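Peer 1: As a plain string of letters, each chain reads:
There are 2 protein chains.
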Amino acid sequence: MAEQPELTIQGWGPTVPEPSSAADGDLSGSLPKAARRYLSRELGWEPRPTPPVAVADIRLAPSRLPEQARVRLTHLVGEGNVRTDRESRLRRAGGKSYLDLLRRREGDASEAPDAVVLPGTTEETAALLSLCSELGVVVVPFGGGTSVVGGLAGIDPDDRPSIAVDLARMSSVVSLDVPSSLITVGPGMRGPQLEQALDREGLTFGHLPQSWEFATLGGYAATRSAGQNSTGVGRFDELVARMTLATPSGVLELGHPPATAAGPDLLGVALGSEGTLGIITELTLRVRPKPASHAYEGWSFRSWAAGLAALQQLARYDLLPDVVRLSDPDETRANLLMAAGTGARALRGMLKARGRDDGCLLILGWEGLPAVVRARQKCAASLLKDDGAIRVGRKVGESWKSHRFAAPYLRDRLLDGGLLVETLETAATWTALPTVYDAVRRALRESLTRGGRRPLIMSHVSHGYPTGASLYVTVLADRDDALPIQQWLTAKRAATDALLGAGGTLTHHHAVGADHRPWMEREIGPLGVDVLRAVKKRLDPKGICNPGVLLPE
Amino acid sequence: MAEQPELTIQGWGPTVPEPSSAADGDLSGSLPKAARRYLSRELGWEPRPTPPVAVADIRLAPSRLPEQARVRLTHLVGEGNVRTDRESRLRRAGGKSYLDLLRRREGDASEAPDAVVLPGTTEETAALLSLCSELGVVVVPFGGGTSVVGGLAGIDPDDRPSIAVDLARMSSVVSLDVPSSLITVGPGMRGPQLEQALDREGLTFGHLPQSWEFATLGGYAATRSAGQNSTGVGRFDELVARMTLATPSGVLELGHPPATAAGPDLLGVALGSEGTLGIITELTLRVRPKPASHAYEGWSFRSWAAGLAALQQLARYDLLPDVVRLSDPDETRANLLMAAGTGARALRGMLKARGRDDGCLLILGWEGLPAVVRARQKCAASLLKDDGAIRVGRKVGESWKSHRFAAPYLRDRLLDGGLLVETLETAATWTALPTVYDAVRRALRESLTRGGRRPLIMSHVSHGYPTGASLYVTVLADRDDALPIQQWLTAKRAATDALLGAGGTLTHHHAVGADHRPWMEREIGPLGVDVLRAVKKRLDPKGICNPGVLLPE
Chain A
95 MAEQPELTIQ GWGPTVPEPS SAADGDLSGS LPKAARRYLS RELGWEPRPT PPVAVADIRL
155 APSRLPEQAR VRLTHLVGEG NVRTDRESRL RRAGGKSYLD LLRRREGDAS EAPDAVVLPG
215 TTEETAALLS LCSELGVVVV PFGGGTSVVG GLAGIDPDDR PSIAVDLARM SSVVSLDVPS
275 SLITVGPGMR GPQLEQALDR EGLTFGHLPQ SWEFATLGGY AATRSAGQNS TGVGRFDELV
335 ARMTLATPSG VLELGHPPAT AAGPDLLGVA LGSEGTLGII TELTLRVRPK PASHAYEGWS
395 FRSWAAGLAA LQQLARYDLL PDVVRLSDPD ETRANLLMAA GTGARALRGM LKARGRDDGC
455 LLILGWEGLP AVVRARQKCA ASLLKDDGAI RVGRKVGESW KSHRFAAPYL RDRLLDGGLL
515 VETLETAATW TALPTVYDAV RRALRESLTR GGRRPLIMSH VSHGYPTGAS LYVTVLADRD
575 DALPIQQWLT AKRAATDALL GAGGTLTHHH AVGADHRPWM EREIGPLGVD VLRAVKKRLD
635 PKGICNPGVL LPE
Chain B
95 MAEQPELTIQ GWGPTVPEPS SAADGDLSGS LPKAARRYLS RELGWEPRPT PPVAVADIRL
155 APSRLPEQAR VRLTHLVGEG NVRTDRESRL RRAGGKSYLD LLRRREGDAS EAPDAVVLPG
215 TTEETAALLS LCSELGVVVV PFGGGTSVVG GLAGIDPDDR PSIAVDLARM SSVVSLDVPS
275 SLITVGPGMR GPQLEQALDR EGLTFGHLPQ SWEFATLGGY AATRSAGQNS TGVGRFDELV
335 ARMTLATPSG VLELGHPPAT AAGPDLLGVA LGSEGTLGII TELTLRVRPK PASHAYEGWS
395 FRSWAAGLAA LQQLARYDLL PDVVRLSDPD ETRANLLMAA GTGARALRGM LKARGRDDGC
455 LLILGWEGLP AVVRARQKCA ASLLKDDGAI RVGRKVGESW KSHRFAAPYL RDRLLDGGLL
515 VETLETAATW TALPTVYDAV RRALRESLTR GGRRPLIMSH VSHGYPTGAS LYVTVLADRD
575 DALPIQQWLT AKRAATDALL GAGGTLTHHH AVGADHRPWM EREIGPLGVD VLRAVKKRLD
635 PKGICNPGVL LPE
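Protein chains in written order, with the numbering used here: chain A, 95 to 647; chain B, 95 to 647.
In case anyone wonders, no lab produced these hints; they're calculated from the structure.
Keep in mind that a hint or two might mislead.
Where chains are identical, the list cannot tell them apart; a pair therefore holds if satisfied intra-copy or between any two copies.
[Unchecked claim] Simulated pairs of lysine-lysine, BS3-like, Cα-Cα distance not exceeding 25 Å:
no. : residue 1 : residue 2
1   : Lys-446   : Lys-127
2   : Lys-384   : Lys-472
3   : Lys-479   : Lys-127
4   : Lys-384   : Lys-479
5   : Lys-127   : Lys-636
6   : Lys-489   : Lys-384
7   : Lys-631   : Lys-495
Quick caveat: nothing in here was measured; it's all calculated off a predicted structure.
Go ahead and model the full structure; you've got the sequences and the hints to work with.
Peer 2: So this is what it looks like as structure tokens:
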């Protein structure tokens, strides 16, 4: 197994941010001047340095793992694979939500596990879970640590000691079945490694979420991830053909490709289980030939409603391409202003000349066989033009593609300057989507407007389906330096109540975690929660598996 | 609700077979002479009249439903909706497998329910289940009665009285959301009714299994049905966006379109639950615009291996059309011989002239937007030609389409003449499929060959996926008139052991029922069975919901 770069403790990316850039807070290194001015004006925000505390100053309680437990765990997985050092524990403390980052930046690592354990096989993992069940030790699976919903919170109502089970040692290709387009891998493997392994065979997997550089395949499965190309290649859960789930009660081998009618779908129960039933120790995924043709393009709509109507038409005729991103007017405007370079200036000019400077930008990304892509692109173009869209060229599409993983890096810089920066997401039917959009925006605006300060709420559709689409919302606001966590929790609560009330799903691809669990009963009903509890009881009778997430208390 | 034709008690189709045709057993009305001669020679079969007993002579035990229970059920659903008359009970006795038909033809109706109850709403169904739970009455949901795996067996280890819950009163359109491509319907609706309702809006659903004329939408969901167009439009379970499941413990509202990451998939637990968790009382399905273009065509391959290799290539590049049916040499030969008319003769001549009379026929059916269909068809043709396929024209494709629902009607005629006629099905990865094919054929051949008699085993791939395909096997043999049930049970056991051993799924689209439940533990493992039992225990604590199917005893 090759060593993979670890995420920095207080932010995104493999390296620690330079103290100088963090300290000045004027963002000169990362935001064009026009963008800073724009944000200041829009938000009523005064840029100011709000740097994180030094890593050495993060407070970490001593490990509560009993010595006897440490010895038995070590006996099981070997010396060196049970770690209680400060660095190991800090790196597995929580995920990368705004609240996670706020806490780590303030020097709070109370979510850190008492130890980090690295099993090497399915059998070892199963034995580990059985042992922890016996010892009363809580287990939180750790892949890339990229959760943005508190998926690694490690909260336990009984306050038992907890370990992070890091899957880094199980990150290799197990087997490749080229005729069946199936690859079997360890759960700790990351996207770039997987693509590298497939590239040699002329294959690709094609799952590209924003967290792609760091997130693991096991994590995608545990949280029902969707990638930027998922409209075309499918959601991650649709690409899992087989899965091994180690539980405190034994090992489940799930899934039987290509398809089965043998009863309820137990693979679908393990997908999205977020570590509450056990730990994913092996995955078989559907791969595909590398596409011969790539065509990324931009379109502009006069309005959000016109853009949605056009996407709905494409969806209805199964004409949505691999990548679909429709930005609302607020996001379109901000993206154009915040993008540096002559390309962005030229595009702004072009849109202004055609009366579209307050319009909505749509990115479409087509991949596949050239003749099929051409035919589909042509049919789609004809529908889009019927809906009043104008083509704005390939450059904007290519530009989006080249910045596809940039947002979480930028977030750190914005946090350095005193901003609240968070995202949330949902999905709804085409009929409900406009109502959900209005409701979320209203809730966020009302919650985050105070004394000359107001939020910037930027939304886009990032995944389309015949029956509806996702909605992804980015919120920027002047941070309340006195009560920053309370400020966001209040806004998030209002937004979630609003989107559920309007018919949206609790989450489209970020998962439930600790952050969404208070709404889980509203999402699936009390009897639905009871069914999940019955499954958990059978597999994890002592409740040691990630007790702080998914199921309401 | 419009009255729908009911299936005949002893066979297929809405009308009782004419006694004269049943009595002569020479099949002159339904099989060309050449086909009869061919079957006689291949099977060592002597055509002989083996007609069913008269319906009036079918033995039916008196209803065991306690009078007090009848009164309370009547109080709940109303007079006329609790039926204990002979005709009502006989019509809900079991399904339409070969074993079902053998029993009914011999005058055995021991699977008949003690009463037939017709609830009208979700609330009534939930109250009914709760009442039956209290009374200790077994409940078997009844839709179209078309199960071919003993799904309606009504077996109960505690031998409690049983009722069939007929869903005919819940068979209307509840709502239609055109922008979201979603229709909400009652579970008792059948395919033709649904298509009629959608046709008015320029829409279609497109799920077309062989049982389409009689099967219900609730039944498709409960059994994870696949239709003849499912390679293109998707399996039934993929088209269910929402479902209401009434259980003895309350009502579950499942599914949240278009997609959600909110935990395990409970909708996927209800799909394929075969009545063991409760009764489906409402379904929301994804519909689509009626395709503007239809192109059905035939291709011929030199061998089964070449045909499979070609399909695998199409699948790999997502080029499989809506309908895919590749027949093996035995099925190709039998179909060509058994098809009457000048078209079939011309095709036989053409194939012979090109040295393909022992080849494999492939039917492809393309539907959708004309330009997209053309581009995909062209790409596919190029791959098929690379694999040595030759095009045999549209007529053979159109002919298949016009006979798509014919097989179960023909089966009755073959049963009348002393034949064993049954089908079984599985699916496997492309890599495992040839082994599964060989193993199943060998097992059936060995089991059904005795004293100059041997089976005719005809196979086809009917559903393709990127990772593998289904395999559908039709078996004809001279019936053992002394022990016909034992003859098939022995062959079925051998075939099932063989296909599981070679890596096939227990079922691809027929479901588990009573017939496959002995293998369910082998399919999903003992811990998997325990998880399903835990779910059932929570929803159906008294075990009244279809106890004879799915879960092993």
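Peer 1: So, for every hint listed, does it hold in this structure?
Peer 2: Hint-by-hint comparison with the structure:
| no. | hint | verdict |
| --- | --- | --- |
| 1 | Lys-446 with Lys-127 | within (21 Å within a copy, 78 Å between copies) |
| 2 | Lys-384 with Lys-472 | both (22 Å within a copy, 20 Å between copies) |
| 3 | Lys-479 with Lys-127 | neither (36 Å within a copy, 60 Å between copies) |
| 4 | Lys-384 with Lys-479 | between (30 Å within a copy, 22 Å between copies) |
| 5 | Lys-127 with Lys-636 | neither (55 Å within a copy, 70 Å between copies) |
| 6 | Lys-489 with Lys-384 | within (22 Å within a copy, 36 Å between copies) |
| 7 | Lys-631 with Lys-495 | neither (44 Å within a copy, 50 Å between copies) |
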